[in-house]
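> Sequence:
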Amino acid sequence: MLYQEIKALYEKLRLKHYHELFSRVKERDGSLSATEAYAADVIYLLKSPTVSTFAETLGISQPNATYKINNLVSRGYAMRTTSDSDRRECRVTVGDRFYSYYNTDYPFIANGVEKLKESYTPEELELFDRMLNDLNKVL
Numbered sequence: 066m067l068y069q070e071i072k073a074l075y076e077k078l079r080l081k082h083y084h085e086l087f088s089r090v091k092e093r094d095g096s097l098s099a100t101e102a103y104a105a106d107v108i109y110l111l112k113s114p115t116v117s118t119f120a121e122t123l124g125i126s127q128p129n130a131t132y133k134i135n136n137l138v139s140r141g142y143a144m145r146t147t148s149d150s151d152r153r154e155c156r157v158t159v160g161d162r163f164y165s166y167y168n169t170d171y172p173f174i175a176n177g178v179e180k181l182k183e184s185y186t187p188e189e190l191e192l193f194d195r196m197l198n199d200l201n202k203v204l
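Numbers 66 to 204, taken from this note's numbering, label the letters of the sequence shown in order.
If you are wondering where the hints come from, they were derived from the structure by calculation, not from laboratory data.
C-beta: ideal position from N, C-alpha, C; glycine also.
Be a bit skeptical, because a hint or two may be false.
FRET-style restraints, in silico, Cβ to Cβ [stated by the list, open to error]: (1) S165 with T122: 16 to 26 Å; (2) Y83 with S165: 38 to 48 Å; (3) L86 with E183: 22 to 32 Å; (4) L80 with E189: 24 to 34 Å; (5) S126 with E189: 40 to 50 Å; (6) K180 with E85: 11 to 21 Å; (7) N201 with T115: 17 to 27 Å; (8) G124 with F193: 44 to 54 Å; (9) E70 with A99: 25 to 35 Å; (10) E85 with T146: 23 to 33 Å; (11) M66 with R153: 49 to 59 Å; (12) L86 with R145: 38 to 48 Å; (13) T115 with S165: 17 to 27 Å; (14) E70 with Q127: 33 to 43 Å.
Straight-line distance between alpha carbons at most 30 Å, and here's what the computed DSS-like set of lysine-lysine pairs gives [as the list claims (entries may be wrong)]: (15) K202 with K180; (16) K182 with K77; (17) K202 with K112; (18) K72 with K202; (19) K72 with K182.
Make the full structure from the sequences, and use the hints.
Encoded structure:
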């Protein structure tokens with residue numbers, strides 16, 4: 066039962082994420098393709114990955130990762146930062162254009178939390194919070 070509920074939640078969150086992502090993929094000048102949007106999202110989720118980490122996460126070659134990153138950088142959706150301590154290390158972060166393109170607030174989650182607050186005691190919510198935290202660590 067618990068497995069099924071967590072799986073169902075995960076699938077709903079994925080569907081919501083894809084809905085949000087594809088609603089931004091439009092046929093207009095400067096818009097990202099679905100693949101570019103996924104690549105930018107991965108950079109955002111990894112926080113500040115190296116090119117190697119980005120490539121490993123996606124399971125693609127380093128030259129392919131570099132190509133994808135260069136494309137995002139040239140369009141203003143990502144930025145490269147060279148490490149001060151090791152000039153060979155390059156990190157990638159999302160750029161300002163990403164934030165205007167991609168909503169990093171999740172109102173549907175905030176609404177869900179508010180509904181839970183109406184139905185459960187603070188103690189029950191604290192226990193649920195701890196359980197989610199533990200699940201996050203395990204995953």
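> Could you run down the list of hints and mark each one as holding or not?
Taking the hints in turn, this is what the structure says about them:
1. S165 with T122: 16 to 26 Å: 24 Å, holds
2. Y83 with S165: 38 to 48 Å: Violated, at about 20 Å.
3. L86 with E183: 22 to 32 Å: 30 Å, holds
4. L80 with E189: 24 to 34 Å: 27 Å, holds
5. S126 with E189: 40 to 50 Å: 48 Å, holds
6. K180 with E85: 11 to 21 Å: Holds - the Cβ-Cβ distance for K180 and E85, about 20 Å, lies within 11 to 21 Å.
7. N201 with T115: 17 to 27 Å: 24 Å, holds
8. G124 with F193: 44 to 54 Å: 34 Å Cβ-Cβ, so the 44 to 54 Å window is violated.
9. E70 with A99: 25 to 35 Å: Holds, at about 30 Å.
10. E85 with T146: 23 to 33 Å: 27 Å, holds
11. M66 with R153: 49 to 59 Å: 51 Å, holds
12. L86 with R145: 38 to 48 Å: The hint (38 to 48 Å, Cβ to Cβ) is violated, given that L86 and R145 are roughly 23 Å apart.
13. T115 with S165: 17 to 27 Å: Since the Cβ atoms of T115 and S165 sit about 25 Å apart, the hinted range of 17 to 27 Å holds.
14. E70 with Q127: 33 to 43 Å: 40 Å, holds
15. K202 with K180: 25 Å, holds
16. K182 with K77: 20 Å, holds
17. K202 with K112: With Cα atoms ~17 Å apart, K202 and K112 stay inside 30 Å; holds.
18. K72 with K202: Answer holds: K72 to K202 is near 17 Å, not above 30 Å.
19. K72 with K182: 22 Å, holds
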